[in-house]
Amino acid sequence: MRPAAARRAPLSLAASATAWVIYLLLALPSLIIIPMSFSSSDELVFPPHALSLHLYNIYFFESNWMAATTESLEVATGTVMVSLLLGVGAAYGLARGEFPGKSLLAMLLLSPAFVPAIVLGLGLYLYLGVAHLGGTTAGLIISHSLVATPFVILTTMAGLRHVDRNLEIAATVMGAGRLLVLRRVTLPLLRPTIMAAALFAFLISFDEVVIAYFIAGVRTQTLPVKMYSAIHWEISPVLAAVSTLLTLLSLGICVAVALLQKDR
Amino acid sequence: MRLGARDGAVFVIPATIFMAAAFVAPLLMVIVTSVGGTDLTLAHYKELVSRPLYITVLWNTLQISALSTIATILLAYPIAYHLARQPPRRRAFLLILVLLPFWTSILVKSFAFTVLLGRDGTLNTALIWLFGPGARLPMLFNRPAVLIGMTHYLIPFAVFSILASLLAQNPELRRAAEIMGAGRLRIFLTITLPLSLPGVLAGALLSMILSMGMFVTPALLGGRTDLMISNLIDFHVRETLDWNAAAALAVCLMVVTGLFAALLSRVRPGQLLGHEP
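These protein sequence lines map, in sequence, to chains A and B. Residues 1 to 264 in the working numbering are what the first sequence spells out, letter by letter. Residues 1 to 277 in the working numbering are what the second sequence spells out, letter by letter.
To be clear, the hints were calculated from the coordinates, so they are not data collected in a lab. Since this is a predicted model, take the numbers as computed values, not measurements.
Simulated DEER-style distance windows between Cβ atoms:
#1 VAL10(B) with LEU11(A): 52 to 62 Å
#2 ALA262(B) with LEU51(A): 50 to 60 Å
#3 LEU11(A) with GLU239(B): 51 to 61 Å
#4 LEU51(A) with THR56(B): 45 to 55 Å
Backbone N, C-alpha and C fix where the C-beta goes; we use that ideal spot for every residue, glycine too.
Using the sequences plus the hints, can you model the full thing?
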């Protein structure tokens with residue numbers, strides 16, 4: 001890695017320029033929606049003719065978008081709780097424990113991340129139907145926890161690698177039992193990691209569409225499912241306002257996670 | 001501190017029970033449904049290979065996935081290379097530019113592309129303004145739109161994977177080559193690129209796994225007749241109510257992506273999810 005002051009060959013300038021063009025292409029689609037969301041008319045044009053909060057007004061007060069948003073918030077909150085409870089424990093056991101079949105078990109616990117969502121959606125649609133959980137909020141929370149838990153496990157295992165084992169050993173030597181060490185030493189040191197994992201789990205659930213599309217009922221329609229139908233059947237301009245809010249949420253969570261992991 | 005055999009397992013038990021009940025059981029149900037329940041018939045699989053529609057959809061899926069994987073790698077490499085050469089603080093900032101699209105809802109992206117590429121969309125408006133009314137191009141509800149949407153979705157995954165292999169390289173190697181008089185291009189071609197190929201391969205395999213199962217992008221940006229496997233599964237569940245056929249298709253998809261996942265775990269055992277290093 002050469003310092004920036006070193007002479008820059010035209011070749012590396014070209015490489016940087018290419019990279020910047022691609023950064024721009026990555027960001028552009030979501031960014032172009034933001035000015036459109038302040039359009040005063042019911043037409044999606046770029047740039048908008050006049051600025052107004054018209055579309056936000058519809059989203060918040062004059063439509064059933066809020067009902068879908070509330071459902072998504074409920075499901076995402078439930079998913080955070082279930083996946084943290086299952087995932088943090090599993091990560092601790094996998095990272096600090098030593099038992100036969102450990103790597104096989106780790107594979108099982110992480111594999112939902114590799115099965116296409118459409119397959120999970122079909123399976124859960126058939127399964128939850130039999131279990132009389134089809135179309136319920138509980139069914140959605142179970143399904144989303146399935147997808148979020150592998151991410152919680154991976155994030156927590158990465159965090160545990162940065163927790164100094166010597167501190168745990170010192171506490172044990174001084175007579176603390178295993179649970180006391182976990183509660184007073186390991187978990188407090190893991191707090192930023194667990195918060196990052198919680199944010200990930202929340203966003204995974206809040207944005208998940210394929211499985212929810214299969215199992216959500218009329219009364220449990222989540223925000224992404226409603227967005228999917230709105231894009232599929234009629235391009236409703238309110239989508240610009242919803243998309244802008246979702247982009248801001250993603251940005252907020254990205255920055256929060258970056259700050260949480262900065263001190264490592 | 002090491003946990004004993006019993007203690008370690010205790011912490012993993014709740015997650016294991018949950019996965020058995022909510023993950024393994026539904027997948028088993030898909031498999032059972034695909035063979036017609038207790039009928040134990042392979043009829044639904046035979047239908048998959050005998051009807052031209054299924055062959056076309058399977059071929060579409062492979063073609064779209066392969067093309068978007070190639071485009072993804074070509075666009076992800078320059079970003080990963082650029083990121084790898086930045087000092088850590090600047091890299092952390094630039095990474096947000098890749099992480100933001102990574103964490104942006106696929107629906108936001110799909111909506112953005114319908115607005116950008118549509119008949120009266122931003123790009124067509126610009127084309128007409130520049131070249132007159134004849135310049136309008138059909139850019140939405142066709143194959144190119146699916147490829148654009150999919151590549152845009154896949155790039156961050158490939159960037160993380162390639163970046164990890166670029167950062168793992170020993171900088172001394174390049175310094176040694178530089179001292180011995182090698183130019184930048186030669187260093188790149190003989191050292192950096194070959195050493196990053198495992199990351200490229202992992203990124204490509206991950207792109208294949210993700211794109212073959214894509215549902216939202218082809219459903220919202222693709223043509224009504226240009227289906228991928230996922231859309232056909234959805235069609236059978238919703239329109240024809242033929243769950244057996246849907247399940248047989250799902251099993252095929254699972255087997256193919258499973259093969260790619262097995263390859264991926266051999267290329268890059270530690271970094272299965274291609275996630276942030």
